[in-house]
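> Those sequence lines, one after another, are chains A and B.
First residue of the first sequence? That's 57 in my numbering, and the numbers climb one at a time after it.
First residue of the second sequence? That's 59 in my numbering, and the numbers climb one at a time after it.
One or more hints might be untrue.
Stated by the list, open to error - Within a straight-line C-alpha distance of at most 27 angstroms, the following computed DSS-like cross-link-like pairs (lysine-lysine) qualify:
no., chain 1, residue 1, chain 2, residue 2
1, A, K71, A, K139
2, B, K157, A, K100
3, A, K139, A, K67
4, B, K114, B, K128
5, A, K118, A, K100
6, A, K118, A, K71
7, B, K157, A, K127
8, A, K134, A, K100
9, A, K118, B, K157
10, A, K100, A, K127
11, A, K134, A, K118
12, A, K100, B, K128
13, A, K134, A, K71
14, A, K134, B, K157
15, B, K157, B, K128
Said to hold, decoys possible - Pair ranges (Cβ atoms, derived):
no., chain 1, residue 1, chain 2, residue 2, range
16, B, N76, A, E141, 33 to 43 angstroms
17, B, E99, A, S83, 19 to 29 angstroms
18, A, G128, B, G151, 20 to 30 angstroms
19, B, Q72, A, V170, 36 to 46 angstroms
20, A, K139, B, V113, 37 to 47 angstroms
21, A, K127, B, E75, 43 to 53 angstroms
Treat the hints as calculated values from the structure; they're not laboratory data.
Predicted, not measured: the structure shown is a model, and the values here were computed from it.
Ideal Cβ placement from N, Cα and C applies to all residues, glycine included.
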Amino acid sequence: EAGVAQSPRYKIIEKRQSVAFWCNPISGHATLYWYQQILGQGPKLLIQFQNNGVVDDSQLPKDRFSAERLKGVDSTLKIQPAKLEDSAVYLCASSPHQVHHGYTFGSGTRLTVV
Amino acid sequence: TQLLEQSPQFLSIQEGENLTVYCNSSSVFSSLQWYRQEPGEGPVLLVTVVTGGEVKKLKRLTFQFGDARKDSSLHITAAQPGDTGLYLCAGAGAGNNRKLIWGLGTSLAVNP
Numbered sequence: 057e058a059g060v061a062q063s064p065r066y067k068i069i070e071k072r073q074s075v076a077f078w079c080n081p082i083s084g085h086a087t088l089y090w091y092q093q094i095l096g097q098g099p100k101l102l103i104q105f106q107n108n109g110v111v112d113d114s115q116l117p118k119d120r121f122s123a124e125r126l127k128g129v130d131s132t133l134k135i136q137p138a139k140l141e142d143s144a145v146y147l148c149a150s151s152p153h154q155v156h157h158g159y160t161f162g163s164g165t166r167l168t169v170v
Numbered sequence: 059t060q061l062l063e064q065s066p067q068f069l070s071i072q073e074g075e076n077l078t079v080y081c082n083s084s085s086v087f088s089s090l091q092w093y094r095q096e097p098g099e100g101p102v103l104l105v106t107v108v109t110g111g112e113v114k115k116l117k118r119l120t121f122q123f124g125d126a127r128k129d130s131s132l133h134i135t136a137a138q139p140g141d142t143g144l145y146l147c148a149g150a151g152a153g154n155n156r157k158l159i160w161g162l163g164t165s166l167a168v169n170p
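Using the sequences and the hints, build the whole thing.
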């Protein structure tokens, strides 16, 4: 089966600019996650969607981050305006309904804010 | 707040050596997953353990879930350079929409 697709792979922007990331999960996976990963650390959940509804966005900095999953398939994550501390890898993952099945991650988008 | 502590944080060994990575918590998890992440890629699921005391083997990798479902270990026998990467454990709490709690990872380097 095709994996989780993310784009772009790399993005360099100046602080205060805007940026958007795109994710297409595995077909049929109801749950989609956006994670932020600082180099060498574990992923930090930003937002979890179940179909097109938000299940958990408690760690999403809502003053600058937004995400949507229209039609319950692909998703976009936006940062506006970006700060230097937003430099990280943004990972998208999807899973079937039951978390025991584990997550399938995309390759991520490496964001550098200068 | 559920926390997962991984140790060691960093490990550098020679090819052929054995190693064990630990994942510990004071909380009980319904399941625990191990992932390996290579530079520039997303984490890849290695195994999910569900039952207390469960042992799963994946070639040279042996995973164990503690009897109380609070801790887990990953043992690698005769490590190879291809085992190099960041090893992450993640525990699933109770409830239907279970959020994974992630450890900070163990960065393993296997030198030829």
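> For each hint given before, does the structure comply? Return the numbers of the non-compliant ones in rising order.
none
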